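Q: As a plain string of letters, each chain reads:
There are 2 protein chains.
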Amino acid sequence: MKAEIITVGTELLIGSILNTNAKFLSERLIDLGVEVVRQVSVADDMNAIIKELNISMNEADLIFLCGGLGPTNDDLTREALAKFLNKKIYIDKDAKEKLVLRFEKINKKMTDNNIKQVSLIDGSKKLDNNWGLALGEVNDYNGKKIFLFPGPPKEFEPMVDAYLAQNIHENQKIIVRSLNVIGLGESLTEDRIRKLNLENKYISINTFAHFTQTEIKLIAKGEDYEYISNVMSNSIEKLYDEFKDHIYSDNNQSVEEVLVKRLRDKNLTISFAESITGGLLAASITDVAGSSKILSSSYVTYSNNSKIKNLGVKKETLDKYGAISEQTALEMARGLKNKTNSSVCVSTTGEAGPEPSETDIGNVYICIYFSEDNYQLKHFYFPGNRERVRNRTVSQVLSNLLYLINKE
Amino acid sequence: MKAEIITVGTELLIGSILNTNAKFLSERLIDLGVEVVRQVSVADDMNAIIKELNISMNEADLIFLCGGLGPTNDDLTREALAKFLNKKIYIDKDAKEKLVLRFEKINKKMTDNNIKQVSLIDGSKKLDNNWGLALGEVNDYNGKKIFLFPGPPKEFEPMVDAYLAQNIHENQKIIVRSLNVIGLGESLTEDRIRKLNLENKYISINTFAHFTQTEIKLIAKGEDYEYISNVMSNSIEKLYDEFKDHIYSDNNQSVEEVLVKRLRDKNLTISFAESITGGLLAASITDVAGSSKILSSSYVTYSNNSKIKNLGVKKETLDKYGAISEQTALEMARGLKNKTNSSVCVSTTGEAGPEPSETDIGNVYICIYFSEDNYQLKHFYFPGNRERVRNRTVSQVLSNLLYLINKE
Numbered sequence: 001m002k003a004e005i006i007t008v009g010t011e012l013l014i015g016s017i018l019n020t021n022a023k024f025l026s027e028r029l030i031d032l033g034v035e036v037v038r039q040v041s042v043a044d045d046m047n048a049i050i051k052e053l054n055i056s057m058n059e060a061d062l063i064f065l066c067g068g069l070g071p072t073n074d075d076l077t078r079e080a081l082a083k084f085l086n087k088k089i090y091i092d093k094d095a096k097e098k099l100v101l102r103f104e105k106i107n108k109k110m111t112d113n114n115i116k117q118v119s120l121i122d123g124s125k126k127l128d129n130n131w132g133l134a135l136g137e138v139n140d141y142n143g144k145k146i147f148l149f150p151g152p153p154k155e156f157e158p159m160v161d162a163y164l165a166q167n168i169h170e171n172q173k174i175i176v177r178s179l180n181v182i183g184l185g186e187s188l189t190e191d192r193i194r195k196l197n198l199e200n201k202y203i204s205i206n207t208f209a210h211f212t213q214t215e216i217k218l219i220a221k222g223e224d225y226e227y228i229s230n231v232m233s234n235s236i237e238k239l240y241d242e243f244k245d246h247i248y249s250d251n252n253q254s255v256e257e258v259l260v261k262r263l264r265d266k267n268l269t270i271s272f273a274e275s276i277t278g279g280l281l282a283a284s285i286t287d288v289a290g291s292s293k294i295l296s297s298s299y300v301t302y303s304n305n306s307k308i309k310n311l312g313v314k315k316e317t318l319d320k321y322g323a324i325s326e327q328t329a330l331e332m333a334r335g336l337k338n339k340t341n342s343s344v345c346v347s348t349t350g351e352a353g354p355e356p357s358e359t360d361i362g363n364v365y366i367c368i369y370f371s372e373d374n375y376q377l378k379h380f381y382f383p384g385n386r387e388r389v390r391n392r393t394v395s396q397v398l399s400n401l402l403y404l405i406n407k408e
Numbered sequence: 001m002k003a004e005i006i007t008v009g010t011e012l013l014i015g016s017i018l019n020t021n022a023k024f025l026s027e028r029l030i031d032l033g034v035e036v037v038r039q040v041s042v043a044d045d046m047n048a049i050i051k052e053l054n055i056s057m058n059e060a061d062l063i064f065l066c067g068g069l070g071p072t073n074d075d076l077t078r079e080a081l082a083k084f085l086n087k088k089i090y091i092d093k094d095a096k097e098k099l100v101l102r103f104e105k106i107n108k109k110m111t112d113n114n115i116k117q118v119s120l121i122d123g124s125k126k127l128d129n130n131w132g133l134a135l136g137e138v139n140d141y142n143g144k145k146i147f148l149f150p151g152p153p154k155e156f157e158p159m160v161d162a163y164l165a166q167n168i169h170e171n172q173k174i175i176v177r178s179l180n181v182i183g184l185g186e187s188l189t190e191d192r193i194r195k196l197n198l199e200n201k202y203i204s205i206n207t208f209a210h211f212t213q214t215e216i217k218l219i220a221k222g223e224d225y226e227y228i229s230n231v232m233s234n235s236i237e238k239l240y241d242e243f244k245d246h247i248y249s250d251n252n253q254s255v256e257e258v259l260v261k262r263l264r265d266k267n268l269t270i271s272f273a274e275s276i277t278g279g280l281l282a283a284s285i286t287d288v289a290g291s292s293k294i295l296s297s298s299y300v301t302y303s304n305n306s307k308i309k310n311l312g313v314k315k316e317t318l319d320k321y322g323a324i325s326e327q328t329a330l331e332m333a334r335g336l337k338n339k340t341n342s343s344v345c346v347s348t349t350g351e352a353g354p355e356p357s358e359t360d361i362g363n364v365y366i367c368i369y370f371s372e373d374n375y376q377l378k379h380f381y382f383p384g385n386r387e388r389v390r391n392r393t394v395s396q397v398l399s400n401l402l403y404l405i406n407k408e
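Residue numbers (my numbering), protein chains in the order written: chain A, 1 to 408; chain B, 1 to 408.
If you're looking for bench data, these hints aren't it; they were derived computationally from the structure.
Please read all numbers here as calculations on a predicted model, not as lab measurements.
Accuracy of the hints is not assured; some may be wrong.
Calculated pairs, DSBU-like style, for lysine-lysine (alpha carbon to alpha carbon, straight line, at most 35 Å) [stated by the list, open to error]:
1) 244/B with 144/A
2) 173/B with 2/A
3) 87/B with 378/A
4) 293/A with 154/A
5) 144/A with 266/B
6) 51/A with 315/B
7) 105/B with 126/B
8) 378/B with 83/A
9) 315/B with 244/B
10) 51/B with 51/A
11) 378/B with 154/A
12) 51/A with 320/B
13) 266/B with 83/A
14) 309/A with 93/B
15) 23/A with 144/B
16) 378/A with 314/A
17) 145/A with 266/B
18) 87/A with 195/A
19) 266/B with 339/A
Short derived list, chain B residues pointing at chain A, Cβ under 10 Å [unchecked claim]:
20) 18
21) 26
22) 28
23) 32
24) 39
25) 57
26) 61
27) 196
28) 198
29) 204
30) 207
31) 222
32) 225
33) 284
34) 340
Glycine residues also receive a C-beta, built at the ideal position from the N, C-alpha and C atoms.
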């Protein structure tokens with residue numbers, strides 16, 4: 001099955017936004033075994049949209065029109081498709097009622113333009129928008145399907161997730177699940193999955209690397225829903241057995257989110273003493289709502305002086321081994337423990353460049369300290385530029401932290 | 001003049017990368033007064049590329065083919081264009097020599113595939129690649145121009161900047177300059193520019209908002225280079241007069257970069273006491289190379305207890321006014337000064353959500369403290385979600401800081 005994606009919006013053509021919708025939808029289509037042969041962006045222009053529809057009709061089985069369903073006069077994607085299909089547009093009664101209630105609730109006047117967003121093309125199948133106002137729809141035409149989705153990513157993405165699979169494989173049921181793995185590389189994860197021999201005509205399993213995390217994606221497909229759910233549960237169970245220490249989420253949550261949740265569940269607190277990461281670790285944790293319960297204080301100790309003054313690192317240690325050393329990393333974490341008494345104290349030190357210092361760019365030391373009898377002190381070498389070295393360090397810390405805390 | 005952009009690469013169609021090249025090139029084309037009417041992505045597939053070239057020939061004056069010029073068998077964009085133009089491909093002698101030397105230097109064996117990257121289509125104009133291996137080129141065809149650029153953004157972007165303008169407006173010289181302004185909104189900046197009456201047929205001036213920063217972009221165009229350089233210098237001078245306190249860069253540098261440079265030049269040090277920003281401010285400064293000279297210590301004081309213990313904020317202040325208040329922001333910054341004696345001490349406190357607390361989401365207090373006689377204490381209201389509130393706070397602090405330090 002082949003798909004083409006037509007994204008509509010002048011803002012794309014003047015380069016003011018990145019086309020995240022085309023990327024998102026393509027990823028989802030590939031997951032469902034659909035080949036994307038063309039992505040095209042055109043302005044909010046009736047003729048341009050119709051021209052691309054004509055081109056796409058040659059090759060694609062599925063055509064996606066995204067964007068241009070809003071309330072302004074510029075938004076004319078639905079009108080363009082109706083003209084192409086030679087059909088009329090009508091107002092959907094249910095959606096209009098909801099829209100009126102919504103405006104009453106926020107005490108704003110609804111303009112005529114807003115009504116446009118709850119219109120549909122004659123004979124189409126409605127796709128309710130529970131994340132915004134403009135309705136989506138699917139049209140059958142000459143044995144092909146033409147989808148309409150609203151453009152704002154916070155509406156577009158959940159709508160694709162809610163409606164794509166069931167509308168593509170109508171006679172087939174589809175179940176998609178993800179397991180997220182840390183503490184193992186992608187290729188090792190993949191090898192171990194292959195050895196389990198889980199794949200068959202009902203289920204496919206693929207891995208995707210995201211920095212230090214690996215996503216295992218399972219897609220079960222078949223006509224009998226109960227049968228494929230059993231195949232899915234069975235595979236998930238076997239994967240849990242195989243990767244029990246490594247699976248941290250089955251819901252594509254970020255490592256940060258799960259880490260904050262685990263720390264809260266276990267009533268643990270955390271502090272950071274950041275040199276090379278310079279605040280990024282604290283920032284990534286405080287990015288998660290509810291993190292104030294687990295992070296009370298954190299320090300950026302960039303200079304030697306600050307390491308001595310704030311954390312009690314010994315001057316002799318810095319002189320003898322350097323600021324970028326196992327010894328300094330350990331003294332930073334230990335000093336942080338003395339100062340904050342947080343359950344977990346994490347230190348980072350390393351060289352991010354652009355110029356090498358006492359050591360090469362990419363050398364990083366990380367200490368995750370619970371107590372004097374229980375700490376992890378590791379050296380890493382991360383190649384790349386300043387940004388990459390710092391980001392890799394953050395990913396590595398979060399992933400190691402979560403792995404250790406899961407086992408605590 | 002109309003342009004169409006054809007980006008080539010299977011990785012785009014499977015959704016594994018975002019199409020940053022289409023965005024980058026579109027922005028640059030708009031700057032040069034070219035209208036982008038279509039962006040399309042196709043796989044590394046000879047027929048698909050030729051099909052899009054045929055479509056683009058209908059409407060576009062300029063056609064850009066980007067990507068697929070590498071050494072592997074998948075890379076066949078140049079072959080596709082040659083076939084479309086019915087022309088032959090040859091190896092460029094100069095580029096081949098450079099390539100051979102390059103491989104000798106790094107002591108690696110050059111494979112035959114690599115030679116492909118230094119090939120050109122008969123009759124084309126070569127665009128040297130000083131950022132990688134694959135050559136770019138421009139072909140004249142039926143009164144239109146067809147450009148070939150390599151796909152990796154770190155080659156693509158500098159090549160576009162180096163060759164685009166001069167090849168589009170061949171009889172015209174073009175000079176593009178930017179001024180970056182802080183401490184004034186975009187519309188106010190724009191108003192004041194219009195009143196200066198600087199625009200004429202040789203120069204156009206536009207503004208672009210980037211968070212708290214506004215970019216003023218000047219484009220001078222004409223046949224006589226000396227004349228348009230004079231027009232440009234004259235306009236730049238008038239803009240400097242008008243916005244003297246507000247221009248922080250004429251080179252599109254980030255606020256962070258310029259801030260670190262200014263602090264270093266003035267021998268000033270800085271510390272942060274971050275509550276709502278939770279490490280983001282320190283992270284944004286330490287992202288700049290050389291920041292260790294100016295940032296020695298920084299604190300994330302998320303809890304009340306941490307504000308009391310680390311910064312000496314009074315318990316009574318927190319009880320009486322709350323953690324999110326002018327009073328607390330001031331005591332945080334003052335306490336930070338006592339502790340670190342840094343030249344500039346900055347505190348942030350506010351509510352980022354997702355749930356409102358003692359105050360509404362979006363309420364933020366910022367204190368930039370030089371001394372007891374010289375500090376700025378401000379309240380802001382930033383609407384939006386957690387990420388947006390935190391990012392807006394960081395932009396605002398950096399922009400206010402730079403503005404104050406420029407005047408110090």
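Q: Each of the hints needs a verdict: does it hold here or not?
A: Hint by hint, here is what the structure shows:
1. 244/B with 144/A: The given pair, whose Cα atoms are some 60 Å apart, is violated under the 35 Å limit.
2. 173/B with 2/A: violated, 46 Å
3. 87/B with 378/A: Violated. Residue 87/B to residue 378/A sits at ~58 Å, over the 35 Å cutoff.
4. 293/A with 154/A: Distance ~28 Å between residue 293/A and residue 154/A Cα, so the pair holds.
5. 144/A with 266/B: Violated, at about 67 Å.
6. 51/A with 315/B: violated, 68 Å
7. 105/B with 126/B: holds, 24 Å
8. 378/B with 83/A: Not OK: residue 378/B and residue 83/A at ~54 Å, beyond 35 Å, violated.
9. 315/B with 244/B: It is violated: about 43 Å lies between the C-alpha atoms, which goes past 35 Å.
10. 51/B with 51/A: holds, 14 Å
11. 378/B with 154/A: holds, 32 Å
12. 51/A with 320/B: Between residue 51/A and residue 320/B the Cα gap is close to 65 Å, so the pair fails against 35 Å, i.e. violated.
13. 266/B with 83/A: Given that 35 Å is the threshold and the Cα spacing comes to 65 Å, the pair is violated.
14. 309/A with 93/B: violated, 62 Å
15. 23/A with 144/B: Given pair residue 23/A, residue 144/B holds - Cα atoms ~31 Å apart, limit 35 Å.
16. 378/A with 314/A: holds, 20 Å
17. 145/A with 266/B: violated, 64 Å
18. 87/A with 195/A: violated, 54 Å
19. 266/B with 339/A: The given pair, whose Cα atoms are some 33 Å apart, holds under the 35 Å limit.
20. 18: holds, 5 Å
21. 26: This hint holds: residue 26/B lies near chain A, its Cβ roughly 3 Å from the closest one there, short of 10 Å.
22. 28: holds, 8 Å
23. 32: violated, 12 Å
24. 39: holds, 4 Å
25. 57: Status violated, d = 14 Å.
26. 61: Status violated, d = 15 Å.
27. 196: violated, 25 Å
28. 198: violated, 23 Å
29. 204: This hint is violated: residue 204/B lies away from chain A, its Cβ roughly 15 Å from the closest one there, beyond 10 Å.
30. 207: At 13 Å from the nearest chain A Cβ, residue 207/B fails the 10 Å test, so the hint is violated.
31. 222: violated, 24 Å
32. 225: violated, 27 Å
33. 284: holds, 8 Å
34. 340: holds, 8 Å
Checked against the numbered hints given earlier, the structure breaks hints 1, 2, 3, 5, 6, 8, 9, 12, 13, 14, 17, 18, 23, 25, 26, 27, 28, 29, 30, 31 and 32 and satisfies all the rest.
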